[in-house]
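Student: Protein chains in written order, with numbering that gives the first Met the number 0: chain A, 0 to 252; chain B, 0 to 252.
Keep in mind the hints are simulated off the structure, nothing from the lab.
These numbers were taken from a predicted model, which means no experiment stands behind them.
Warning: the hint list may mix true and false statements.
[To be verified] With a straight-line Cα cutoff of 25 Å, these simulated DMTMM-like cross-link-like pairs (lysine to aspartate or glutamate) come out:
| hint | chain 1 | residue 1 | chain 2 | residue 2 |
| --- | --- | --- | --- | --- |
| 1 | A | K144 | B | D114 |
| 2 | B | K141 | A | D114 |
| 3 | A | K153 | B | E12 |
| 4 | B | K144 | B | D134 |
| 5 | A | K93 | A | E76 |
| 6 | B | K49 | A | D156 |
| 7 | A | K100 | A | D114 |
| 8 | A | K100 | B | D60 |
| 9 | A | K136 | B | E133 |
| 10 | A | K100 | A | E159 |
Read off the chains here:
There are 2 protein chains.
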Amino acid sequence: MASMRYDLYYWPEIQGRGEFIRLALEVAGASYLDVARGTKKGQGVEAMFKLMRGESNIAADQTRLPFAPPFLKAGEELIAQTAHILAFLGPALKLAPREAKAARFTQQLQLTLSDLVVEAHDTHHPIGSGLYYEDQKAAAKKRSKIFIAERIPKFLDYFEQVLARNPANRPGRPVHLVGRALTYADLSLFQVIEGLRYAFPKSMRRREHAWPNVIALRDQVAAHPRIAAYLASPRRIAFNEMGIFRRYPELDR
Amino acid sequence: MASMRYDLYYWPEIQGRGEFIRLALEVAGASYLDVARGTKKGQGVEAMFKLMRGESNIAADQTRLPFAPPFLKAGEELIAQTAHILAFLGPALKLAPREAKAARFTQQLQLTLSDLVVEAHDTHHPIGSGLYYEDQKAAAKKRSKIFIAERIPKFLDYFEQVLARNPANRPGRPVHLVGRALTYADLSLFQVIEGLRYAFPKSMRRREHAWPNVIALRDQVAAHPRIAAYLASPRRIAFNEMGIFRRYPELDR
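The task is simple: from the sequences and hints, build the whole structure.
Tutor: Structure below.
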């Protein structure tokens with residue numbers, strides 16, 4: 000349990016990239032405030048914008064502003080970029096290996112998951128984030144077809160192989176991406192599988208048998224008492240069609 | 000000057016993501032081998048594939064394989080993901096601040112540049128990397144138009160602001176993104192400007208006046224003796240239409 004209080008800044012209506020941070024904070028039982036979802040003075044989306052623009056009067060380092068949410072406020076430091084926030088939180092939340100090479104590999108895997116997340120987003124927004132989905136549906140269909148047929152397998156084959164090559168993983172025991180304990184990368188792989196299942200349920204059902212270790216890890220994380228409690232709580236925002244993983248049946252072929 | 004010998008693995012015919020690593024190694028005068036460009040035994044693209052697939056017989060940690068190039072071999076450790084490789088090299092090459100918060104902000108900026116690089120790539124390949132440009136030209140035109148009008152300004156306005164807010168930057172003195180010394184993020188911002196100028200020369204000429212500090216930093220890096228020598232050497236691969244930044248005049252509007 001971390002003693003520091005963290006302020007997480009992220010869009011209040013979606014899981015999105017913020018969810019990777021929320022899962023880490025939740026599993027560690029950390030004390031945190033999801034600021035943009037708050038309704039008190041100094042909270043809400045406007046507070047997030049003010050801080051990003053250097054217009055906030057709360058105590059924060061205004062010489063080093065983030066480019067975009069999610070970002071974390073830890074003391075007066077503002078830390079942005081999902082994988083980078085997790086690299087920062089990892090040691091404090093005991094969600095990263097202590098040994099340097101293992102810690103680096105954990106972050107490398109997280110960055111690889113970040114790449115997958117960008118591609119998952121672009122399945123429904125291949126032309127531009129600022130345009131409506133309806134105005135790029137034809138391109139979205141083409142991109143999704145390739146994403147499902149080529150990119151999901153390329154990424155998940157890779158993570159399956161990482162799990163198979165981790166010498167600490169033994170038959171009949173819990174599996175992990177790095178070493179013998181839960182890391183933030185394990186949590187993020189869980190979240191990616193949840194997202195892919197939400198966005199592409201038919202495609203995932205047909206293909207998941209190829210990734211038994213990945214699915215075993217997903218199941219383990221889902222069964223973790225703190226994660227299970229979080230997923231059942233109102234703090235877990237439901238998947239929806241404003242987030243990164245969106246369910247448009249015409250893209251799931 | 001670092002004493003360790005590094006092996007860089009990246010596609011031999013393009014600058015691509017490997018170039019961010021090459022610039023850091025070059026400016027530090029580090030000893031490195033660009034393995035996939037080599038023609039000796041154990042070099043070339045096939046050597047890169049073998050190592051990535053865990054089929055190589057060179058001494059490397061085969062339990063932690065990279066997902067994709069670029070990756071660096073440092074001793075037996077294989078380190079992938081461009082920004083992550085730079086975070087690893089930063090201290091050894093003296094291209095990262097020693098103070099922890101400044102080092103974190105440097106990496107945060109690098110990850111933001113990585114996001115821009117993905118978007119620059121997707122201007123010509125919005126549907127799929129495996130398809131020909133010609134087969135996605137209509138979508139590429141739409142995406143490029145938005146990239147030029149909205150995304151380049153959003154990113155470069157941000158970096159301009161970072162330079163303006165860095166308290167170590169003073170009129171008439173060299174500018175840096177973090178602190179008062181050259182970092183790998185400075186080198187990468189130079190490379191991004193070079194790439195954007197190559198891909199979108201007309202658009203950049205019209206707009207660059209809005210980012211005077213960014214351009215001043217670009218000019219400084221270009222004038223660094225080791226960088227100037229590198230750029231003039233055969234080690235610098237020319238921009239071309241296989242890389243991330245490609246010049247298709249129909250996309251530069």
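Student: Among the hints numbered above, which are violated by the structure, and what are their numbers in rising order?
Tutor: none
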